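2 protein chains.
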Amino acid sequence: MNEFELIDAILEVLGPSARGGEIGPGDDCAAISLPPHELLISSIDTLIGGVHFPEAAPGEPVGYRSMMVSLSDLAAMGAAPVQMLVAMALEEKDQAWALAVAGGMRDAVQETGGAILGGNLARGPRSITVSVHGSCPADRVLRRSGAAAGEGIYVTGPLGSAAAAVAAQCLSDLDDPRTRRYFRPRARIEAGLALRGVASSCIDVSDGLLQDLAHLGEASGLGAALESGGIPVGEGADLEHALHGGDDYELLFTAASVPAALDAVRIGTVTSAPGILLDGEPVAIKGYQHFL
Amino acid sequence: MNEFELIDAILEVLGPSARGGEIGPGDDCAAISLPPHELLISSIDTLIGGVHFPEAAPGEPVGYRSMMVSLSDLAAMGAAPVQMLVAMALEEKDQAWALAVAGGMRDAVQETGGAILGGNLARGPRSITVSVHGSCPADRVLRRSGAAAGEGIYVTGPLGSAAAAVAAQCLSDLDDPRTRRYFRPRARIEAGLALRGVASSCIDVSDGLLQDLAHLGEASGLGAALESGGIPVGEGADLEHALHGGDDYELLFTAASVPAALDAVRIGTVTSAPGILLDGEPVAIKGYQHFL
Numbered sequence: 000m001n002e003f004e005l006i007d008a009i010l011e012v013l014g015p016s017a018r019g020g021e022i023g024p025g026d027d028c029a030a031i032s033l034p035p036h037e038l039l040i041s042s043i044d045t046l047i048g049g050v051h052f053p054e055a056a057p058g059e060p061v062g063y064r065s066m067m068v069s070l071s072d073l074a075a076m077g078a079a080p081v082q083m084l085v086a087m088a089l090e091e092k093d094q095a096w097a098l099a100v101a102g103g104m105r106d107a108v109q110e111t112g113g114a115i116l117g118g119n120l121a122r123g124p125r126s127i128t129v130s131v132h133g134s135c136p137a138d139r140v141l142r143r144s145g146a147a148a149g150e151g152i153y154v155t156g157p158l159g160s161a162a163a164a165v166a167a168q169c170l171s172d173l174d175d176p177r178t179r180r181y182f183r184p185r186a187r188i189e190a191g192l193a194l195r196g197v198a199s200s201c202i203d204v205s206d207g208l209l210q211d212l213a214h215l216g217e218a219s220g221l222g223a224a225l226e227s228g229g230i231p232v233g234e235g236a237d238l239e240h241a242l243h244g245g246d247d248y249e250l251l252f253t254a255a256s257v258p259a260a261l262d263a264v265r266i267g268t269v270t271s272a273p274g275i276l277l278d279g280e281p282v283a284i285k286g287y288q289h290f291l
Numbered sequence: 000m001n002e003f004e005l006i007d008a009i010l011e012v013l014g015p016s017a018r019g020g021e022i023g024p025g026d027d028c029a030a031i032s033l034p035p036h037e038l039l040i041s042s043i044d045t046l047i048g049g050v051h052f053p054e055a056a057p058g059e060p061v062g063y064r065s066m067m068v069s070l071s072d073l074a075a076m077g078a079a080p081v082q083m084l085v086a087m088a089l090e091e092k093d094q095a096w097a098l099a100v101a102g103g104m105r106d107a108v109q110e111t112g113g114a115i116l117g118g119n120l121a122r123g124p125r126s127i128t129v130s131v132h133g134s135c136p137a138d139r140v141l142r143r144s145g146a147a148a149g150e151g152i153y154v155t156g157p158l159g160s161a162a163a164a165v166a167a168q169c170l171s172d173l174d175d176p177r178t179r180r181y182f183r184p185r186a187r188i189e190a191g192l193a194l195r196g197v198a199s200s201c202i203d204v205s206d207g208l209l210q211d212l213a214h215l216g217e218a219s220g221l222g223a224a225l226e227s228g229g230i231p232v233g234e235g236a237d238l239e240h241a242l243h244g245g246d247d248y249e250l251l252f253t254a255a256s257v258p259a260a261l262d263a264v265r266i267g268t269v270t271s272a273p274g275i276l277l278d279g280e281p282v283a284i285k286g287y288q289h290f291l
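Taken in sequence, the protein lines are chains A and B. Once you know that position 37 of the first sequence is 36 in numbering that gives the first Met the number 0, the rest is easy, because the numbers rise by one and skip nothing. Once you know that position 61 of the second sequence is 60 in numbering that gives the first Met the number 0, the rest is easy, because the numbers rise by one and skip nothing.
A few of these clues could be false.
[What the hints assert, rightly or not] With the Cβ distance kept under 8 Å, some of the chain B side facing chain A (calculated, not the full set):
no.	residue
1	D26
2	D27
3	C28
4	P34
5	D44
6	V50
7	L84
8	S130
9	L170
10	L173
11	D175
12	L192
13	A193
14	V197
15	S199
16	D203
[Stated by the list, open to error] Covered stretches of chain A, going by a simulated chain B footprint (3 or more residues, C-beta under 8 Å):
no.	region
17	119 to 126
18	136 to 146
19	171 to 182
Just so you know, the hints here were simulated from the structure itself, not pulled from any lab data. Since the structure is predicted, the reported quantities are computational estimates derived from the model, not experimental observations. For every residue, glycine included, the Cβ atom is placed at its ideal position computed from N, Cα and C.
Given only the sequences and the hints, what does the whole structure look like? Please build it.
In structure tokens:
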């Protein structure tokens, strides 16, 4: 296949998940209209073969995860997905792999909404960059800042399984529940929408609970007191994985109160003193660092 | 520098070119408002070290070119730049190079407008992905389709110098005028804005004049008759470079007439018969192919 044939094959795999824009794939740019009076909310993320996923990993879970990882940033802002752009680098031998990646992305987008309306193919070492774009009314965007002392700290689901998969080096066993959690994170789009007007601050847990909680605390100039017994630990993981491991993509937020309908777990309380206490003791923050 | 320190250093280099959004770098996503009643126009492009730029190329021209190449897609749609997102992969030793890339991007954005409001750093082989976002009233977007037989075919400037630089393997000589043309293309944003309501179809010349003209023709179901004497050949290039070489990023458009104020050169006429004639003879289309 030449480049244009591969693009056509990818569009066939994407099917309805590549449609819905004012102008879709095939022109110099995609074009969409936004809901009136809403902000455009945007983020970009790259996953690189041998760094963010095993070189030998099949395309489908890599594509699914790439898309969900980027969509998770929209969830953290309370945005509804509208448009995604995908830039993929691959070698000529990777064409079947690229179609499998597209299939994984299609599955992710079918779960969250929005459409893949543009992209780019380049020859090079395997990497996938996804640029995501959603919308949200300006006065309802969830920020990292905005927490108040005394508010509760919550997460939307169990943590640590993805990190446990990395630690156990079982990423090639796609039947392991920890590996499934690694490759099939759900961007918490619905939770993010439900948190509009509820959460005072919000972030997604991508680098580790404590590290991402530190980002929230710094943005609000506050601290946190966590109770280890309240932290939901994922299948196959332990508390260390849940505290320091990234890649879970649950939402971490603060709120004065949470509606019962929202399935979130309280793990601690916002404090006026900066820093993070775990069961009353200061705790060292470890987490994912891309460069050291 | 760790990741967060490198991000801070990049933001310092970017300066005002990273400001102006409702929410800028530092949260999970960037947020902007669009002019009311305008479409969001988006594209994404990747440049890879050793493929799209020499591994040893300094960061400043690579950054400038990366940004302009993506912005050129906005120009081709008649869009005004609003927001850019940059995903960069680099090795730890490349930190100074990354800051130079940021400087080149800042210079590009200062020339075209818009702001760099988000990004991502990842460890890996050098690559740069730029996602660009502009706006345009829905009824004034320039498409690849829309040409009519008898209309003129125009380009906004000379072609072939960038291809001549590649052919002459002089990309390491930044003083060569062909190399300057390669590394310092101007996205024709102003021309694109001036072509709203003037051009019936438009594309940017990124893969080669004939190949991109073929895209225009296919989109409109029409052909083209070119006169070789009318094609503006860039400094240090010959007609072959101008016909088949990519990387010039001038706009190629069709129009019934062009205002005198618009600095464009007529190179031929839209024909009802498909295919491209050069001085009355069919011509073979060669151009850049990312995969073969």
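Structure-based check of each hint:
Hint status for D26/B: holds, given a least beta-carbon distance of 5 Å to chain A, under 8 Å. The beta carbon of D27/B is positioned within 8 Å of a beta carbon in chain A (closest approach about 4 Å), and the interface hint is therefore held. Given the 8 Å rule on beta carbons, the hint for C28/B holds: about 4 Å separates it from the nearest Cβ of chain A. This hint is violated: P34/B has a C-beta 11 Å from the nearest C-beta of chain A, more than the 8 Å allowed.
A cut of 8 Å between beta carbons decides the hint on D44/B: the least distance to chain A is about 5 Å, and the hint holds. Annotation: interface hint on V50/B holds; nearest CB of chain A at approximately 5 Å, less than 8 Å. Restraint check, L84/B versus chain A: the minimum CB separation of about 4 Å is within 8 Å; hint holds. Interface restraint check: S130/B against chain A, minimum CB-CB distance 4 Å, threshold 8 Å, status holds.
Hint on L170/B is violated. Least Cβ distance to chain A is approximately 18 Å, over the 8 Å limit. Interface restraint check for L173/B: the shortest CB-CB distance to chain A comes to about 23 Å, outside 8 Å, so the restraint is violated. For D175/B, the suggested interface contact is broken, since its CB lies about 25 Å from the closest CB of chain A, more than 8 Å. The criterion of a C-beta within 8 Å of any C-beta in chain A is not met by L192/B, whose closest approach is roughly 14 Å, and the hint is violated.
Taking 8 Å as the C-beta contact cut-off toward chain A, the hint placing A193/B at the interface is violated, the least distance being around 17 Å. The beta carbon of V197/B comes no nearer than 17 Å to any beta carbon in chain A, farther than 8 Å, and the hint placing it at the interface is violated. Here the hint on S199/B is broken, as its CB sits about 14 Å from the closest CB of chain A, past 8 Å. Evaluation of the D203/B hint against chain A yields a held restraint, the C-beta minimum of about 6 Å falling below 8 Å.
Under the rule that three or more residues need a Cβ within less than 8 Å of chain B, the assignment of the region 119 to 126 of chain A holds, with 7 such residues. Figure legend: the region 136 to 146 of chain A, annotated as covered by chain B; annotation consistent (4 residues with Cβ-Cβ distances under 8 Å, at least 3 required). Under a criterion of three residues with beta carbons nearer than 8 Å to beta carbons of chain B, the stated coverage of the region 171 to 182 of chain A fails, only 0 such residues being counted.
Hint compliance for this structure: hints 4, 9, 10, 11, 12, 13, 14, 15 and 19 are not met, and every other hint is.
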